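Enquirer: With the hints as constraints, model all of the structure from the sequences given.
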Amino acid sequence: MNSFIIAGRELRNLFLSPLAWTILGVTQLILAYMFLTQIDYYLTIQAKLVGIPNAPGVTDLVVAPLFGNAAVILLLITPLLTMRFISDERRNKTISLLFSAPISISEIVLGKFLAIFAFLLIILLSIALMPLSLLTVGDLDLGKFFACLLALALLMAAFNALGLYMSAIATQPTVAAVSSFGALLFLWIIDWAGSNSGNSSALLDYISIMRHFENLLRGLVNTTDVAYFVLFTAGFLILSIRRLDNDRLQS
Amino acid sequence: MNTLIEVNNLSRQFGEYCAVNDVSFSLQKGEVLGFLGPNGAGKSTTMKMICGNLTPTIGEIKINGYDIIEQPKLAKAELGFLPEVPPLYPELTVDEYLSYCAKLHGLRKIAVKQAIEQGKLKCGLADMGHRLINNLSKGYQQRIGIAQAILHNPSVIILDEPTVGLDPLQILEIRQLIRELGKQHSVILSTHILSEVQQSCSRVQIIHHGKLVLNEDIAGLSRRMTSTSLLLRLRETPDLNQLRDINGVDAIDELGDQHYRIHHAQQLSLAEAIAELVVKQHWGLLELMPEKHDMEHIFLSITNDSSTHE
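Sequence order for the protein chains is A and B. According to the working numbering, the first sequence is numbered sequentially starting from 160. According to the working numbering, the second sequence is numbered sequentially starting from 181.
Bear in mind the hints are in silico, worked out from the structure with no lab data behind them. It should be emphasised that the depicted structure is a prediction, and the values quoted were computed from it without experimental measurement. Think of the CB as a built atom: it goes at the ideal place given N, C-alpha and C, for glycine as much as any other residue. Mixed in with the good hints there might be a few duds.
What the hints assert, rightly or not - Reference listing, derived: stretches of chain B covered by chain A, where coverage requires no fewer than 3 residues with Cβ under 8 Å from a Cβ of chain A:
#1 228 to 241
#2 283 to 292
What the hints assert, rightly or not - Here are the simulated lysine-lysine pairs, DSSO-like style, with alpha carbons at most 30 Å apart:
#3 B:K391 with B:K289
#4 A:K252 with B:K293
#5 A:K252 with B:K242
#6 B:K460 with B:K209
#7 B:K318 with A:K252
#8 A:K252 with B:K289
#9 A:K252 with B:K302
#10 B:K253 with A:K252
#11 B:K363 with B:K242
#12 B:K460 with A:K252
#13 B:K293 with B:K209
Expert: As structure tokens, then:
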């Protein structure tokens, strides 16, 4: 309950600043452009696809790439969104309001997480509207579409938790943004090592965010992949709680 | 008696540096405690610890019987805290901010509205509800900070330098408010303005180098403030031995230019005897004045004493 109070205030604050509106506008603009080019591409090869048995449909050729692109854009914007959530509060000393109120540290962190997640879900919703508009002219593989939605939602939660952790350890918002972007990008490409020579490590494959994300985008909803994202998110949330708790031990 | 704050053997270390060293005190309901000390003495650290913003290295803190470490939620529900820098969100309006604070402290819908109205009224913010905090002056922001601390009607109110940045009129109002709050709550007040303590507190503690060097109620303090010395100025050079022979004189300091300070025992007035002697010997009495000890003197003598002891 207390988390929702914090989340509500944070979300409100977010929309009071131009940042939220800019992010919404820019992502929508870029993704809409990508979506259109993807449709264009699909229309040019549509005729050839007719002849091929088991050919990929519009969901594979338009929807999945759209969500893939959205993931890359999220990689860029989530750090900017999460960067100030804890570090700013510490810099402006408003954190003492939360520390001296009857709320636990977990509720504080969870509240912040929920606020960002709610905002990201608004982005997700506006992205989902694009493929849904195709329903007016044709059919979608709804199963795959929902898998894509789930994939992106899980990815958002993971990015969010990591960004929040970086905001908790950094003293300045920009430092938090740069480090979370670095960490996310690194986890994104960590399976590149050895992948060209064919002897890639199973561990690095498992750690890589992209592997799990791509599985889900293909419509393979697998407990391994879902569990990966859940563990990732929970792990970084717990780390953030520990870090914030540490503030009281030695500041 | 109703003990609202109990602090036992509290210590806080930052690495090698010991900011607060073995501080113990307790506060009853209805007391206003003034917390004094030079810069860096450990006032803010102690207050932060009482409010659960810092964990003590050693020691325990109980708010209305609840341990701040063991039962933080119950203890903090009894607390209202105004830190050195008021924790404000400049993008919010006063009403939005106060309602957020009230909700954080567990107040529900109707209670929130009432609490905000009351808080605004008490702190003189009645017409400011729709203003953005960012656009308000430092004095008003300080008032919002105080309103935030008293909003949920806590039994213990802790104010870290509440009158900083206020104009003289506002300071008077805030002091009045603190005295009123002191009737129903316990208030701890840190300040470096000594007259503020004399006016609004019922008890005074002076902390220096992390140690509690004075813990006295206002009556005890005024006893300390009674004069124990006289200033004397003469035209001629007197025979000091004759002055020393007056019953009750402890010592005489020569301040130069026939200027003397005569120390005597407490609750004794030697002015008359000295005047008689001086007139009889024709030393030419120019000035004779009992020295008044004010807070500043006590404060300085205590803080100087304890620093030379170390």
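Enquirer: Indicate, hint by hint, whether the structure satisfies it.
Expert: How the hints compare with the structure:
1. Three residues within the 8 Å Cβ limit are the bar, and the region 228 to 241 of chain B against chain A gives 6, so the coverage statement holds.
2. Against chain A, the region 283 to 292 of chain B contributes 4 residues with a C-beta closer than 8 Å to a partner C-beta. That satisfies the three-residue criterion, and the hint holds.
3. Proximity of B:K391 to B:K289 is assessed by CA-CA distance (about 44 Å); at most 30 Å being required, the pair is judged violated.
4. Between A:K252 and B:K293 the alpha-carbon distance is near 26 Å, which keeps this suggested pair within the 30 Å criterion.
5. For the given pair, A:K252 sits about 24 Å from B:K242 by alpha-carbon distance, which is consistent with the 30 Å threshold.
6. Among the hinted pairs, B:K460 with B:K209 is inconsistent with the structure: their alpha-carbon atoms are about 57 Å apart, more than 30 Å.
7. As the CA atoms of B:K318 and A:K252 are separated by approximately 16 Å, the hinted pair is consistent with the 30 Å bound.
8. For the hint pairing A:K252 with B:K289, the CA-to-CA distance comes to about 27 Å; that is within 30 Å, so the pair holds.
9. For a cut-off of 30 Å, the pair hint linking A:K252 to B:K302 stands: about 25 Å separates their Cα positions.
10. Note on B:K253 and A:K252: the hinted pairing holds, with a Cα-Cα distance of about 21 Å set against a maximum of 30 Å.
11. Proposed proximity of B:K363 and B:K242 is supported: the alpha carbons are some 21 Å apart, at most 30 Å.
12. Of the pairs offered as hints, the one joining B:K460 and A:K252 is violated, with about 68 Å between alpha carbons and a cut-off of 30 Å exceeded.
13. Taking the CA atoms of B:K293 and B:K209, the gap is near 27 Å; set against the 30 Å cutoff, the hint holds.
The structure is inconsistent with the numbered hints 3, 6 and 12, although it conforms to all the rest.
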